[in-house]
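Protein chains in written order, with my numbering: chain A, 1 to 77; chain B, 101 to 177.
Don't take every hint at face value.
Simulated pairs of lysine to any residue, SDA-like, Cα-Cα distance not exceeding 20 Å [claimed, not checked]: (1) 143/B - 119/B; (2) 3/A - 116/B; (3) 27/A - 136/B; (4) 127/B - 16/A; (5) 176/B - 159/B; (6) 103/B - 60/A; (7) 143/B - 116/B; (8) 27/A - 123/B; (9) 127/B - 60/A; (10) 103/B - 138/B; (11) 127/B - 115/B; (12) 3/A - 170/B; (13) 103/B - 2/A; (14) 103/B - 61/A; (15) 27/A - 102/B; (16) 3/A - 129/B; (17) 3/A - 102/B; (18) 3/A - 73/A; (19) 103/B - 46/A.
To be clear, the hints were calculated from the coordinates, so they are not data collected in a lab.
Since the model is a prediction, treat every value here as computed from it, not as a measurement.
Protein chains: 2
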Amino acid sequence: MSKSIFYHAGCSVCISAEHDIIELIGKDNVEIVNIGEDRTRIKEAELAGVESVPALVTPTGNALHINFGASMSDVKG
Amino acid sequence: MSKSIFYHAGCSVCISAEHDIIELIGKDNVEIVNIGEDRTRIKEAELAGVESVPALVTPTGNALHINFGASMSDVKG
Numbered sequence: 001m002s003k004s005i006f007y008h009a010g011c012s013v014c015i016s017a018e019h020d021i022i023e024l025i026g027k028d029n030v031e032i033v034n035i036g037e038d039r040t041r042i043k044e045a046e047l048a049g050v051e052s053v054p055a056l057v058t059p060t061g062n063a064l065h066i067n068f069g070a071s072m073s074d075v076k077g
Numbered sequence: 101m102s103k104s105i106f107y108h109a110g111c112s113v114c115i116s117a118e119h120d121i122i123e124l125i126g127k128d129n130v131e132i133v134n135i136g137e138d139r140t141r142i143k144e145a146e147l148a149g150v151e152s153v154p155a156l157v158t159p160t161g162n163a164l165h166i167n168f169g170a171s172m173s174d175v176k177g
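Please put together the full structure from these sequences, using the hints given.
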């Protein structure tokens, strides 16, 4: 199975969700990307359908928005 | 590890998220509860912190709200 990608922006809601996701699906099965720090990946996240963070993009390409930390426009600032 | 519980209400957003969650964490690791049909479990979901469905309550007790299908007040009708 290819990896999921968990996009976050370092907010407290994001960090809490990150811990849950790693616990649930295993750290080897998910790449963690902080788009607040690695801004070169914001475009990739948007193309994957990410509208807010934290969000998990599954290997099948679905974007699951988890709780609500920040909108993409907040991240872009 | 004890099971997670995935609460949903049969909406299309819920069903799509259900498939993703089962794929990600494995069907043996999650109990699926349709609180639209099994209304006796609405109270339990609310006590677990579920504010909208679909939502995944982790073994550690955190409620992860996934995308947005329906609010609890919509489910209660």
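Evaluated hints:
1. 143/B - 119/B: Violated, at roughly 24 Å.
2. 3/A - 116/B: holds, 19 Å
3. 27/A - 136/B: violated, 33 Å
4. 127/B - 16/A: Violated, because 23 Å separates the two Cα atoms, which is more than 20 Å.
5. 176/B - 159/B: Violated, because 25 Å separates the two Cα atoms, which is more than 20 Å.
6. 103/B - 60/A: Given pair residue 103/B, residue 60/A is violated - Cα atoms ~23 Å apart, limit 20 Å.
7. 143/B - 116/B: violated, 24 Å
8. 27/A - 123/B: holds, 16 Å
9. 127/B - 60/A: holds, 17 Å
10. 103/B - 138/B: Holds: residue 103/B and residue 138/B sit about 19 Å apart, inside 20 Å.
11. 127/B - 115/B: With a Cα-Cα distance of about 14 Å, the restraint between residue 127/B and residue 115/B holds, given a limit of 20 Å.
12. 3/A - 170/B: violated, 29 Å
13. 103/B - 2/A: Answer violated: residue 103/B to residue 2/A is near 24 Å, above 20 Å.
14. 103/B - 61/A: Violated, because 25 Å separates the two Cα atoms, which is more than 20 Å.
15. 27/A - 102/B: holds, 18 Å
16. 3/A - 129/B: Within the cut-off at roughly 19 Å; holds.
17. 3/A - 102/B: With Cα atoms ~24 Å apart, residue 3/A and residue 102/B exceed 20 Å; violated.
18. 3/A - 73/A: Given pair residue 3/A, residue 73/A is violated - Cα atoms ~26 Å apart, limit 20 Å.
19. 103/B - 46/A: violated, 32 Å
Of the numbered hints listed earlier, those contradicted by the structure are 1, 3, 4, 5, 6, 7, 12, 13, 14, 17, 18 and 19.
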